[in-house]
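*Asks:* Heads up: the sequence lines are chains A and B, in that order. Per this note's numbering, the very first residue in the first sequence carries number 1; after that it's consecutive. Per this note's numbering, the very first residue in the second sequence carries number 1; after that it's consecutive.
Be aware that one or more of the hints could be misleading.
If you want a taste of the chain B side facing chain A, the calculated C-beta under 8 Å gives, among others [unchecked claim]:
| hint | residue |
| --- | --- |
| 1 | Ala156 |
| 2 | His184 |
| 3 | Gly214 |
| 4 | Gly215 |
| 5 | Gly313 |
| 6 | Ser365 |
Far from chain B by the CB rule (all over 12 Å, computed), these chain A residues [said to hold, decoys possible]:
| hint | residue |
| --- | --- |
| 7 | Ser3 |
| 8 | Glu21 |
| 9 | Leu61 |
| 10 | Gly62 |
| 11 | Lys79 |
| 12 | Thr83 |
| 13 | Phe166 |
| 14 | Glu182 |
| 15 | Ile185 |
| 16 | Lys223 |
| 17 | Ser233 |
| 18 | Leu259 |
| 19 | Val265 |
| 20 | Thr315 |
| 21 | Ile344 |
| 22 | Gly376 |
Below, computed lysine-lysine pairings styled on DSS-like, alpha-carbon distance capped at 30 Å [to be verified]:
| hint | chain 1 | residue 1 | chain 2 | residue 2 |
| --- | --- | --- | --- | --- |
| 23 | A | Lys366 | B | Lys130 |
| 24 | B | Lys310 | A | Lys206 |
| 25 | B | Lys191 | A | Lys79 |
| 26 | A | Lys366 | B | Lys310 |
| 27 | A | Lys124 | B | Lys379 |
| 28 | B | Lys382 | A | Lys366 |
| 29 | B | Lys305 | A | Lys206 |
| 30 | A | Lys143 | A | Lys281 |
| 31 | A | Lys377 | B | Lys348 |
| 32 | B | Lys382 | A | Lys210 |
| 33 | B | Lys332 | A | Lys124 |
| 34 | B | Lys206 | A | Lys143 |
| 35 | A | Lys210 | B | Lys167 |
| 36 | B | Lys305 | A | Lys210 |
| 37 | A | Lys88 | B | Lys366 |
| 38 | A | Lys206 | B | Lys366 |
| 39 | A | Lys348 | B | Lys310 |
| 40 | A | Lys142 | B | Lys206 |
Since the hints were derived computationally from the structure, they do not count as laboratory data. We put the CB at the ideal spot given by N, CA and C, even for glycine.
Protein chains: 2
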Amino acid sequence: MKSFEEALDLMLSCEYHAQTEKVDIMECLGRILAEDVTSDINMPPFDKSAMDGYAARRCDLGKPLEVIETIKAGDIPQKKIHTCQCSKIMTGSIIPEGADCVIMVEETEQHTANTILFTGRYRKSNIALKAEDIAVGTVVLKKSTLIRPQEVAVLATVGCVQPLVFKMPRIIILSTGDEIVEPHIKPSNGKIRNSNAYQLHAQILKMHFKSSYGGIICDTPQKLEETLAHALSNHDLIILTGGISMGDYDYVPDILKKLGVDLCVQKIDIKPGKPTIFGQKHNTFVFGLPGNPVSSFVIFELFTKPFIYKMAGHTYEPRVLSLPMADDYTVKGINRLSWQPIVITPQKTVEAVRYHGSGHIHALSKADGIMRVEAGKAKILKGEQVHVRQI
Amino acid sequence: MKSFEEALDLMLSCEYHAQTEKVDIMECLGRILAEDVTSDINMPPFDKSAMDGYAARRCDLGKPLEVIETIKAGDIPQKKIHTCQCSKIMTGSIIPEGADCVIMVEETEQHTANTILFTGRYRKSNIALKAEDIAVGTVVLKKSTLIRPQEVAVLATVGCVQPLVFKMPRIIILSTGDEIVEPHIKPSNGKIRNSNAYQLHAQILKMHFKSSYGGIICDTPQKLEETLAHALSNHDLIILTGGISMGDYDYVPDILKKLGVDLCVQKIDIKPGKPTIFGQKHNTFVFGLPGNPVSSFVIFELFTKPFIYKMAGHTYEPRVLSLPMADDYTVKGINRLSWQPIVITPQKTVEAVRYHGSGHIHALSKADGIMRVEAGKAKILKGEQVHVRQI
């Protein structure tokens, strides 16, 4: 049995070779950069007005200024600013030669038909200097960066419309277990509906990755072996749900071994999710997640998500908070490290979500996060800071 | 000029009639339920074993127990448990008649070929009772719920494979401004690349919504009017980027008014993002966002995102934290409420992202959130709690 940290380290230290591809900037959200991105331009490319106003010489601001030109964004100024002259200028436009400041429209008044007066107090130039944000050749985004909307803006700015990213792993979800039926079927006695596969599919989609769903494999060793062998040759990651426990009818681990999968994790000292397995065969990986929805969700968050990001070239950092407990809380089952669904109250305190057993379907639907409770910790007192991972 | 709260209230109180549609459960992530979802089954549908073990009678646990049957998940038990009998049972299987507990395999030992002995200490029944999670007819998800992976699991569990959701608003992004060129073009003097439209597209995609991009409209009143008139008749939400300021060449507000748009917000007392506009024409809405990427990003987060969720039938609650400032911080421009990009340090303190002017492209790429600073607040002291919205 591996500890939480041992299991995670083992997974994240596996070697995986990801290929790369170019994607369109409109499609790159959530992808991971496979190379540094540099700028092909200066930003701003010229000394630029940060205001709608008048470009002038600071030393002239006490006197009436003749308006000699109007410069709008995209225009090239035609006239140089000389003593007691100014040009009307729009935000983003090129500062004309001779000018060293822009004064705001709101701080001027018309003096004569063709002259204005500055009525404000001089504070700053209102000029964004050429290259002050980015100079040509600067690395603006590093390899392995996850592309969020902010990074899309950076890519657009430097003209990187086809960023080189790591290929997304080809992920397949397979369900096992004679007792599960697909959600459109009303389960007869002894059967339950498959919810894990759909939840996993959505967890992957939420990361802006994709998975295919291979359906429910009936629990005969032959059928399982055939399906797993095929999945191993055609995917980078297989996620199995259900059927990974100690039961007589859970053939999965043995079949995986027979197929050449090195099962380096077969149990994790964690609650929920002890019967989690993880293995590798060459460049293909297998996760076997526990059969109940809460365990499956939590184990995906703790292990599978960071692993998928690793496959895609990125080091995932979960969002962790330290918040005070809202009330005294007695821990159930203190022999293992546990992760417990919690709600963050409007007062920013933590309340455990009351649930019985790891299969309670509502537990996660109400939760804002999961709280880490160390093994041996029997009670958390009101006000005590707890470690929360947002979900 | 509207205050932040006035502007937001005005937007969120607008009437919008969203239509509904059924979507496949595999495609419903991020959608919003248009009706309550009830369960068509009991959960669990039967008294179910929470363990791999032996189903027995608690009163017999001190004696050798005869194993009379093996029940795997999906099986219907064939035999009733009588005195000193038990059935081997797998997790998730139906509890046989007569049994009132399940003992773990690990806490038993083989006694004779056909009998076992319980070697543990009795703690709990390990039986999940019929309907203890959900009874038939119970509302499991309420109308207006945002569907996350956890809710997908609930939908699958209750057999709702085609949930009724609100239609996504048809969103179009239009860029204006003679000075902007598309990212694939190297800008000549006076021009800058369009990054806002791509950032906005990704911000919407991150919400799992969609937008179309209408390109850059050149800044002639005729062309703008034509394009806006067409957009107004074919979309539910138009997002304009660039061209919404006080400049002589920013015709947009006047054209919108001419086209019958009621511009109920024309300026917001906020930094960045003062030149934000918002309007309505019947069931179609228009946002005009400021032209620089940081302002555009922030205003989208503060106003457009909650508004899109409102259009889709959901009340958006941003993730707000209260964290201490890492160091003394002097606020620039204290006359307006401001939202400042910040980093959350590993110590869970807040550091402002140093940036000059709202156009600094890197400011958001480094940020974890935006910090609210009230108007008039000149300095935030080290250790002072600040209001942070995660991005």
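*Asks:* Evaluate each hint against the coordinates.
*Replies:* Now the hints, each set against the structure:
1. Ala156: Hint holds; Ala156(B) Cβ to chain A Cβ min 4 Å, cut 8 Å.
2. His184: Since the shortest Cβ distance to chain A is 5 Å, the answer is holds.
3. Gly214: At 13 Å from the nearest chain A Cβ, Gly214(B) fails the 8 Å test, so the hint is violated.
4. Gly215: violated, 12 Å
5. Gly313: Not OK, violated: Gly313(B) not within 8 Å of chain A, min 18 Å.
6. Ser365: holds, 5 Å
7. Ser3: Given that every Cβ of chain B is farther than 12 Å from that of Ser3(A), nearest at about 19 Å, it holds.
8. Glu21: At about 18 Å from chain B, Glu21(A) clears the 12 Å cut-off, so the statement holds.
9. Leu61: holds, 21 Å
10. Gly62: Check passes; 25 Å lies beyond 12 Å.
11. Lys79: holds, 15 Å
12. Thr83: Non-interface label on Thr83(A) holds, nearest chain B Cβ at 25 Å vs cutoff 12 Å.
13. Phe166: holds, 18 Å
14. Glu182: violated, 8 Å
15. Ile185: The assertion about Ile185(A) is violated, with a minimum of 8 Å to chain B.
16. Lys223: About 15 Å separates Lys223(A) from the closest Cβ of chain B, which puts it past 12 Å; holds.
17. Ser233: Since the minimum Cβ distance to chain B is about 24 Å, Ser233(A) lies beyond 12 Å and the statement holds.
18. Leu259: holds, 23 Å
19. Val265: Holds, since 19 Å exceeds 12 Å.
20. Thr315: Thr315(A) is indeed farther than 12 Å from all Cβ atoms of chain B, at 14 Å.
21. Ile344: violated, 9 Å
22. Gly376: holds, 18 Å
23. Lys366(A) x Lys130(B): The hint holds at about 22 Å.
24. Lys310(B) x Lys206(A): holds, 20 Å
25. Lys191(B) x Lys79(A): holds, 18 Å
26. Lys366(A) x Lys310(B): holds, 21 Å
27. Lys124(A) x Lys379(B): holds, 20 Å
28. Lys382(B) x Lys366(A): Violated. Lys382(B) to Lys366(A) sits at ~35 Å, over the 30 Å cutoff.
29. Lys305(B) x Lys206(A): It holds: about 17 Å lies between the C-alpha atoms, which stays within 30 Å.
30. Lys143(A) x Lys281(A): Within the cut-off at roughly 27 Å; holds.
31. Lys377(A) x Lys348(B): Holds, at roughly 24 Å.
32. Lys382(B) x Lys210(A): Not satisfied, since the Cα-Cα distance of roughly 44 Å exceeds 30 Å.
33. Lys332(B) x Lys124(A): holds, 12 Å
34. Lys206(B) x Lys143(A): holds, 21 Å
35. Lys210(A) x Lys167(B): Status holds; Cα separation ~23 Å.
36. Lys305(B) x Lys210(A): Holds, at about 24 Å.
37. Lys88(A) x Lys366(B): Not OK: Lys88(A) and Lys366(B) at ~35 Å, beyond 30 Å, violated.
38. Lys206(A) x Lys366(B): The hint holds at about 22 Å.
39. Lys348(A) x Lys310(B): Since the Cα atoms of Lys348(A) and Lys310(B) sit roughly 25 Å apart, the hinted pair holds (cutoff 30 Å).
40. Lys142(A) x Lys206(B): holds, 21 Å
Violated hints for the displayed structure, listed by number in ascending order: 3, 4, 5, 14, 15, 21, 28, 32 and 37.
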